[in-house]
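Visitor: Chains as they are written, first to last, in the working numbering: chain A, 595 to 993; chain B, 30 to 343; chain C, 1178 to 1605.
Hint data in this document are derived by calculation from the structure and do not stem from the laboratory.
There could be a bad hint or two in this list.
Computed cross-link-like contacts, BS3-like style, restricted to lysine-lysine with a CA-CA straight-line distance of at most 30 Å [said to hold, decoys possible]:
#1 C:Lys1568 with A:Lys679
#2 A:Lys661 with A:Lys643
#3 B:Lys163 with B:Lys208
#4 A:Lys679 with C:Lys1230
#5 B:Lys40 with C:Lys1439
#6 C:Lys1190 with B:Lys159
#7 B:Lys157 with C:Lys1439
#8 C:Lys1601 with B:Lys40
#9 C:Lys1179 with B:Lys159
#10 A:Lys833 with B:Lys170
#11 A:Lys833 with B:Lys163
#12 C:Lys1230 with A:Lys944
#13 A:Lys643 with C:Lys1568
#14 B:Lys50 with C:Lys1190
#15 C:Lys1179 with B:Lys157
#16 B:Lys50 with A:Lys842
#17 B:Lys50 with C:Lys1568
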Amino acid sequence: MRKIFAIAWNDIKIEFSERSTIIFYLILPIVFTAIIGIGLSGSYGASSKINLPVVDEDNTTNAQKLKDVLNQNGVVTLTAYDTLKNAQKDLNGQSYAAILVIPQGFGAALENGQSAHLTLVEQASDDVMSVEQAVQSASEQLGSAITIADQSTTLAAKMRPFASNADDQAYYQANLDAANQALSNPPARAELVQNNGQNVAMASSFKQSAAGQLVTWVLITLLSGSEVFVNERLGGTLKRLLTTPSSKAAIITGKIVGRFLLGAVQIALLVGVGALLFKINWGQDPLALTVILTAFAITGTALGVMLGAFARTSRQAGGLSVMLSMLLAALGGAWWPMEITPAAYQTAVKVLPSTWAMSGLTNVVMSGQGLTAILPQTGILLGFAVVFFTIGVWKLKFE
Amino acid sequence: MNAILETHELKKNFGDLLAVKGVSFAIEQGEIFSLLGPNGAGKTTTISMLSTLLAPTSGDATIGGYSITRNPMQVRRLIGVVPQEIALYEDLNARENLFFWGRMYGMNERQLSRRVDEVLEQTGLVDKSKAAVKTYSGGMKRRLNIGVGLLHGPQIIFMDEPTVGIDPQSRRNILDAVKDLNRQGMTVLYTTHYMEEAEELSNRVGIIDHGQMIACGTQRELVQMVGQHETLRLHLNDETSGEPLSQALHQLPGVFQASSLDHQVVVMVNSAEETLAPAITKANELGIKIHSVEMEEPNLEAVFLHLTGRALRD
Amino acid sequence: MKQVLNIAWKDIKHMLRDRTGLVINLAAPLLLTLAIAFAFSGIGSGSSDNGLKNIPVLVVNHDSGQFGAELVQFLNPSAADIASYPNLQQIKDLLTVTVTSDEAGARQQVNDGQAAAVIIIPAGFSDSLLPTGGTANSQTHSVVQVFGDSNQQLKASVTESVVQSIINQMVAGTVAGQVAIQQLISSGRLPAANAAQQAPSLIQPLVQNTLSTNLVALDRQVEGPTSSSGGFDWLTYMAPSMAVLYLMFTMSQSARTILQEKQMGTLPRMLVSPVSRSTVLGGKLLGAYADGLLLMAVLILGGKFLFNISYGAFLPVLLFTLALVAAATAWGMIEAAFARSAAQANQVGWIINLSFAALAGNFVPRTSFPVWMQQIGYISPNAWGIETYGKLIRGASVADIWPAIAILVAMAIVLFGLSSIIFKRRFA
């Protein structure tokens, strides 16, 4: 037991043999959490309106009405352009969700009670769904009002014909106004309430979560330890360790403990500074958060050491750790939400430790759940750690 | 004296650390010159300056007439360097290493090709020339390390502790190779902390300690500094301190210097034979057990001891 | 010049010899791209259903009136319902609805992740739509709560949209009736006294028509690369950001070899051979640059032939990639210049590369950063890479992207210059 800590402490000392290393070591998580924190506060804070460029080729009252309704909805802010080409040129390089085109003839068609078309020129963007919804809603409202006015006028005419065209028009207009007013203040609506109590105006497809960032970070930090381990292997100090009367298991455990402690401090910094300075919401249960993070950190460390046992040069180890950390993070759901993936995919990625880490972390961070919710994931993660550990020891044996 | 290399008050400071404090010496064309001194004396730093790797803080040196500070490029063409560490690309094989370094010296391909074959022959690496260097034994790597230094046909070769950490047979090979090279006309600057090597190889020796050249000359001239004195070396048992004995021995007639080092008492005497019996008697009087005795003719170790009061190897 | 090539070629040989390392460095981003392709394969067009189907939801109805029942009915339409209102087909495909009266149990199912949401129709829902009394302008506002699983935000959102659109239609229907009757009364066509009795039969066809008419159709046009199903090609959007990320990490690694050679002793050996410092540096630089070009070539061509990702027209892509790799190499060099050992360079590299990736929007969309932060991001080749490859994918020409090329080249020159000054001073 003492040997394990001796090995661990030695590794830590070596890592910090140059004073400047400590600075880098501490700066990195803080910088990272600052960037992510600032970015996330943009998405979690008071929802800002989405910019919707509008090209009005029609310029009739109906087109204007549509725009008025859109403005009222509170989801989008309209920016006017005279042609689609101009809009695209002006926006070239920026990302936008969609451009709304009101084609010529829109208003006229509606006047005649015929169906009219709107075009949404869309880009791959997080906000597309929200924009579609807003435009759909506004156009439905407009369409309904017109239909109502139309139908009502027809009914009235059937009951008693109009004296003149003017009367017809007036009646139609009165109905239209009444309908619009009623529809813009509907007596019933739907409202989405999330079970974690957080307010999200409209879920976007790929908003990154704090949990995802954390998982990516843990993986990168801990897997990079494999490079250090390889250097040791090749440098001869490991051979020397192996000649001492310590079991291979103890040696590997010592290495794991050392790297784990190094990583743990960085993770703690990331979470702590993120919460205190950048108001990142890490959930309601700090204990549960600590438990799941610790389990994942152990797994990550064990994987890093195992990699270090297999890689033959430090360049290989470096490449492997970047590759695996990105792959594991991405596939495990850190970079896009699991729910958009096919069922086959979701089953397939269950073999990855990161999937379970994400599952546990999102339960804590996103759904505000506690210890009981993450026990299964914790267990599985520790199981992974044992497997990696065993493989690492086995590989060393045959060195 | 036909000096191919001359240094003038070479100094090197690293911040507060005065590594080389003004070293001046000259090396004659065609000789083997050893720079002898304990670890940390400043040998490697001096060689680094002479090979134009490090700029001196002050002072200068000329090699083949070119100044190391003003004409480093020309100096580099004249010198061959065999550094202390194995400076080879371990993932490449001997042939590839030699070709690479040869090209760095601007050798044309045909000439280079011929030289590579020659060097492989000379270093006995022809059979392994296609295998990666990382598969070579320590001795083979050292030989290749030397081969790279010789490749471009330099006028003088700097060898920085080339035999550290290798087996006796390889070491023997290297020493023989150095002598061979010298017979063919190569001037050699050879640094070492092994007295026997310096004794075996060199024409002239420069003894360096704490960044300063404390003695320089032929072996004979140096030995004469300690006069005709011989050395009596008394090895004590492990736990015993030699201090009381060395002080006592000072009093004996014919003793010029007595020092206690490690578990030895080293005495410089007129005649080792004559002083032997009284020394042992004195030891018995003090109840100090003597484990073994050596009697040495004057040698460089003695010179060093005489000059510094310390052993060459500690 | 020959010696620059000599040094570079030696480095390239090393890289090619390390076959395992090579495979890892080149395979990794391709594997990641494959993963993305798999993950996003379920997504069709960018339309509101996002390729989602059969979202499990629960409905709890506390309302005692006809509208509550209708809402439940429309959420789970029968064949007859769909025949009357064809739009309902979409809802049937989208949602898998279970009706229950146990609200607490339903909420629990959402918390456990078994359902994406539970739709809670409050008591008084019908009343708010058509208050008994028959007059419009009731003051009560009814809220149908969609209680969603925060782990399934998308599905919960889609559910909310569906419920909202059904409610919208219902509201339209009731408004139709109310407005019509009111106008009939005020125009004298219908005596107020008879309203209550005659209204239902009068407005029934009107409401029916209102409900089944959709005057405005929304056409969607997707700009940029589309997938086979006509929707967004997410793969093509994510591929460049991954490529650039890997490029930066790889260049840090390549530049680090200069420090490793220092430790190995081969760098000092190079420095005592009759070549200038600039030549040595130039050789290392060229080797690293070649490494980066190889990586990008594999990624771009691999992306094209394995995943059908087109980065754009050949010439602009080539020119931009040359500039991008130069900038990335330069950053690698600077990291190595400032560090004192290979291990330290490793750390500096991590900080820089991760910060750049974050700033450039690899992890969080760039648009959620404040503007000043987005501007800072432009110091990274990552930001330029993601933005410009995005433009190229959408068909930009050299004329459109030359500023980006120029800036990256300038970045490379400045950083190379700075690092060579530092190196020369260190190896004086």
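Visitor: If a hint holds in the structure, say so; if it doesn't, say that too.
Guide: Taking the hints in turn, this is what the structure says about them:
no., hint, result
1, C:Lys1568 with A:Lys679, "holds, 16 Å"
2, A:Lys661 with A:Lys643, "holds, 15 Å"
3, B:Lys163 with B:Lys208, "holds, 28 Å"
4, A:Lys679 with C:Lys1230, "violated, 36 Å"
5, B:Lys40 with C:Lys1439, "holds, 24 Å"
6, C:Lys1190 with B:Lys159, "holds, 15 Å"
7, B:Lys157 with C:Lys1439, "holds, 26 Å"
8, C:Lys1601 with B:Lys40, "holds, 21 Å"
9, C:Lys1179 with B:Lys159, "holds, 24 Å"
10, A:Lys833 with B:Lys170, "holds, 21 Å"
11, A:Lys833 with B:Lys163, "holds, 17 Å"
12, C:Lys1230 with A:Lys944, "holds, 22 Å"
13, A:Lys643 with C:Lys1568, "holds, 25 Å"
14, B:Lys50 with C:Lys1190, "violated, 43 Å"
15, C:Lys1179 with B:Lys157, "holds, 28 Å"
16, B:Lys50 with A:Lys842, "violated, 49 Å"
17, B:Lys50 with C:Lys1568, "violated, 63 Å"
The structure fails hints 4, 14, 16 and 17 (numbered hints given earlier, in ascending order).
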